[in-house]
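Asker: Chain by chain, the residues run as shown.
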Amino acid sequence: MEGRNEKGHNVKALKQLFPDKVAVFTLDEESSRRRKVSTDYVVRLGYDEIEPEDVVLLRQTLNLTEAAVEATYQLARRFGDRKWIQTILNLEDSDASRELLEKMNIHEATYRNLRRDLKPSAACLSCPPPPPIIRLSAS
Amino acid sequence: MNVVLEFGRYTDITAYILVANLLTRRIYNQYRERTEKALGENGAPPRPLVITIEEAHKFLNPEVAAQTIFGIIAREMRKYNVTLLVIDQRPSGIDEEVMSQIGTKITCLLDNEKDIDSVLTGVSGKNELKSVWLSLNLAAGPHFWPCCSHASSRQDPRIRFGRFVSRPGAANRSGKPES
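Quick note, the sequences are listed as chains A and B, same order. Per our numbering, the first sequence runs over residues 1 to 139. Per our numbering, the second sequence runs over residues 1001 to 1179.
Chain A extracted, bound-state conformation (with noise of 0.2 Å):
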């Protein structure tokens, strides 16, 4: 698709100049369609890919505390990398949850912090399942 420089002129994409040495990635592939941008693939990240170190580097923008980015190193050796994000997002709430965070020396208010920034619309412990993971898959 087409962009404008800094003059308003329009500018090629890379893909008119070289279609086939570039291949078009999309997060957002409504967006894309939107725009009439031609897509190769389509990326889907899932809570799967999510390691405890991207939260780190994401503690100041998601404005998590300190506490909250401990306990993702916590919960994912407890669920494993790939299953503590998913599994705290479906954690009820009910007093077998509550039990286990204290077990794992994590604060409630601290769990409610990491939750709530980590999947914003998830307000409630009574959430529905996250969606399916992240996949790589052709347009």
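These are calculated hints, taken from the structure and not from any lab test. Just so you know, nobody snuck in bad clues.
Which bits of chain B does chain A cover? Going by a derived footprint, with three or more residues having C-beta under 8 Å, they are: (1) 1001 to 1007; (2) 1013 to 1027; (3) 1054 to 1068.
Only some residues are given here: those of chain A computed to face chain B with a beta carbon under 8 Å: (4) Lys21; (5) Val22; (6) Ser31; (7) Asp54; (8) Leu58.
Note that the coordinates shown come from a computational prediction; the quantities given were computed from them, not determined experimentally. Each residue gets a CB set at the ideal place from its N, CA and C atoms; glycine is no exception.
Let chain A serve as the given structure and place chain B on it in line with the hints.
Answerer: Okay, now just chain B, sitting in the frame of chain A:
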């Protein structure tokens, strides 16, 4: 094959950081495996790779540099044929140890003392370079900061220095030392 990744609606910095980190982690693992395999089998090492990161302080600030993949690459990935090209307008936000590992630095005008000191971390002849710098600042005036991509062709001072630069000092647009 070259890949262009469209972010679409996900334009905030969170998406950029997350995707950059995921991709870089995979690259790191692949390159480490391939290099180790090449060593074990006396084969060819993987093709040298340069990973470029904008807003580098988001990935390399002192709080995170020790724990993240970018910090690891900055410190030890040269042996796996991977290097970092770090771009930032606030170098003082980057971890000191990482700054000292950067082999070659090219800098345009900086008017913040902390940023200047940070770029000169671990550089010999620091004071001389600093005076060259200040003279560039005076010559170009504050309206050219931060200049790199937008400065005019005539007044676009920059200096370069580091392990792979034989003559540190002011450079012209082609990157060659000014006579």
